[in-house]
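2 protein chains.
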Amino acid sequence: MPEFHFEDFAPGSIAQYGPRMVTREEIVEFAAEFDPQPMHLDEQAARASMLGGLAASGWHTCALMMRMICDWFLLDSASMGAPGVDEVKWLKPVRPGDALTLRRTVIDTRISNSRPEMGFVKFRYELVNQSGEVVTTLTCPAMLRRRVPAQAAS
Amino acid sequence: MPEFHFEDFAPGSIAQYGPRMVTREEIVEFAAEFDPQPMHLDEQAARASMLGGLAASGWHTCALMMRMICDWFLLDSASMGAPGVDEVKWLKPVRPGDALTLRRTVIDTRISNSRPEMGFVKFRYELVNQSGEVVTTLTCPAMLRRRVPAQAAS
Numbered sequence: 001m002p003e004f005h006f007e008d009f010a011p012g013s014i015a016q017y018g019p020r021m022v023t024r025e026e027i028v029e030f031a032a033e034f035d036p037q038p039m040h041l042d043e044q045a046a047r048a049s050m051l052g053g054l055a056a057s058g059w060h061t062c063a064l065m066m067r068m069i070c071d072w073f074l075l076d077s078a079s080m081g082a083p084g085v086d087e088v089k090w091l092k093p094v095r096p097g098d099a100l101t102l103r104r105t106v107i108d109t110r111i112s113n114s115r116p117e118m119g120f121v122k123f124r125y126e127l128v129n130q131s132g133e134v135v136t137t138l139t140c141p142a143m144l145r146r147r148v149p150a151q152a153a154s
Numbered sequence: 001m002p003e004f005h006f007e008d009f010a011p012g013s014i015a016q017y018g019p020r021m022v023t024r025e026e027i028v029e030f031a032a033e034f035d036p037q038p039m040h041l042d043e044q045a046a047r048a049s050m051l052g053g054l055a056a057s058g059w060h061t062c063a064l065m066m067r068m069i070c071d072w073f074l075l076d077s078a079s080m081g082a083p084g085v086d087e088v089k090w091l092k093p094v095r096p097g098d099a100l101t102l103r104r105t106v107i108d109t110r111i112s113n114s115r116p117e118m119g120f121v122k123f124r125y126e127l128v129n130q131s132g133e134v135v136t137t138l139t140c141p142a143m144l145r146r147r148v149p150a151q152a153a154s
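First to last, the protein sequences are chains A and B. The first sequence runs 1 to 154 under my numbering. The second sequence runs 1 to 154 under my numbering.
Accuracy of the hints is not assured; some may be wrong.
What the hints assert, rightly or not - Taking lysine to aspartate or glutamate and the DMTMM-like style, the derived pairs with C-alpha atoms no more than 25 Å apart in a straight line are:
#1 A/89 - B/33
#2 A/89 - B/108
#3 A/92 - B/33
#4 A/92 - A/29
#5 A/92 - B/87
#6 A/89 - A/33
#7 B/122 - B/133
#8 B/92 - A/87
#9 B/92 - A/117
#10 B/89 - A/33
#11 A/92 - B/117
#12 B/89 - B/133
#13 B/122 - A/86
#14 A/92 - A/25
#15 B/89 - B/126
Don't read these hints as lab results, they were simulated from the structure.
Kindly produce the complete structure, drawing on both the sequences and the hints.
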């Protein structure tokens, strides 16, 4: 039985996880496969770009956040998937050597009307680097099974 | 000089690119690194999940779309990056063997107030499988240099 259910995410609650180090090698590897823009692949090209130096693809940053979310609590939760993403903001570059901490705020929760055995939890994540800068924010809903589905109709 | 600038994306214009085949191996490889939920890793676990069979991580689908966008036009454009993502909807599973086509609609364009040498182009992407189902939608702004910056102040 997973540890975390819908009821475990109280609106307004804040928690954090990390840090997770980022290497130059993984930044370049992801970019080569999914986002081969020079600013994500090559230090010299990146210095000439608006990023001012090699930085991770924004999609790589999202994928890293997803892995942190998995390792932190999602793999031990009664997750029923996610319908999508409400918003991502890439605010600052993610650099080789960064140590990233993930801060999670529960924005809102509600029980599903059509499927009372589950509920929606809206999360807002802020990815923070070693200098305390918020580098990326991610707002997204998740579907989680309720711990006590027998009380669904109450 | 890149082929595509801000002026090349007319509001309302629609274009498409693909198809791009998706393999079981790449679905599992991405999931193992970034989203190791059983439904993205293991056929049997996936059949028991709400996905009804192995399906790509939603973040993998986003990364595949980004690669298609790069190969299609972004690497040959005067791109100045992107501030984030307005919305992603994961509507249907992406399966091994799927052949995915990317449809792009230009929603809106505007010249930057603070940086008249560039403009914002809001794109809406629909990723369509071989059965004609829209599996994912992605709405996101991009920043692109104008072709004729000398006329910025006109």
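Comparing the hints with the structure gives:
The straight-line distance between the Cα atoms of residue 89 of chain A and residue 33 of chain B is roughly 23 Å, inside the 25 Å bound, and the hint therefore holds. Among the hinted pairs, residue 89 of chain A with residue 108 of chain B is consistent with the structure: their alpha-carbon atoms are about 19 Å apart, no more than 25 Å. Simply put, residue 92 of chain A and residue 33 of chain B have alpha-carbon atoms about 23 Å apart, close enough for the 25 Å limit, and the pair holds. Under the criterion of a C-alpha separation no larger than 25 Å, the hint pairing residue 92 of chain A with residue 29 of chain A is consistent with the structure, at around 20 Å.
A C-alpha spacing of about 19 Å is found between residue 92 of chain A and residue 87 of chain B, which places the hinted pair at or below 25 Å, so the restraint holds. A C-alpha spacing of about 22 Å is found between residue 89 of chain A and residue 33 of chain A, which places the hinted pair at or below 25 Å, so the restraint holds. A threshold of 25 Å between alpha carbons decides the hint, and for residue 122 of chain B with residue 133 of chain B the separation of about 23 Å falls inside it, so the pair holds. In summary, the hint linking residue 92 of chain B to residue 87 of chain A is supported, as the alpha carbons are separated by about 19 Å, within the 25 Å threshold.
For a cut-off of 25 Å, the pair hint linking residue 92 of chain B to residue 117 of chain A stands: about 22 Å separates their Cα positions. The suggested pairing of residue 89 of chain B with residue 33 of chain A holds, with an alpha-carbon distance near 23 Å, which does not exceed 25 Å. Note on residue 92 of chain A and residue 117 of chain B: the hinted pairing holds, with a Cα-Cα distance of about 22 Å set against a maximum of 25 Å. About 13 Å separates the Cα atoms of residue 89 of chain B and residue 133 of chain B, which keeps this hinted pair within 25 Å; it holds.
Proximity of residue 122 of chain B to residue 86 of chain A is assessed by CA-CA distance (about 16 Å); at most 25 Å being required, the pair is judged to hold. Between residue 92 of chain A and residue 25 of chain A the alpha-carbon distance is near 20 Å, which keeps this suggested pair within the 25 Å criterion. Straight-line distance between C-alpha atoms of residue 89 of chain B and residue 126 of chain B comes to about 10 Å, which keeps the hinted pair within the 25 Å bound.
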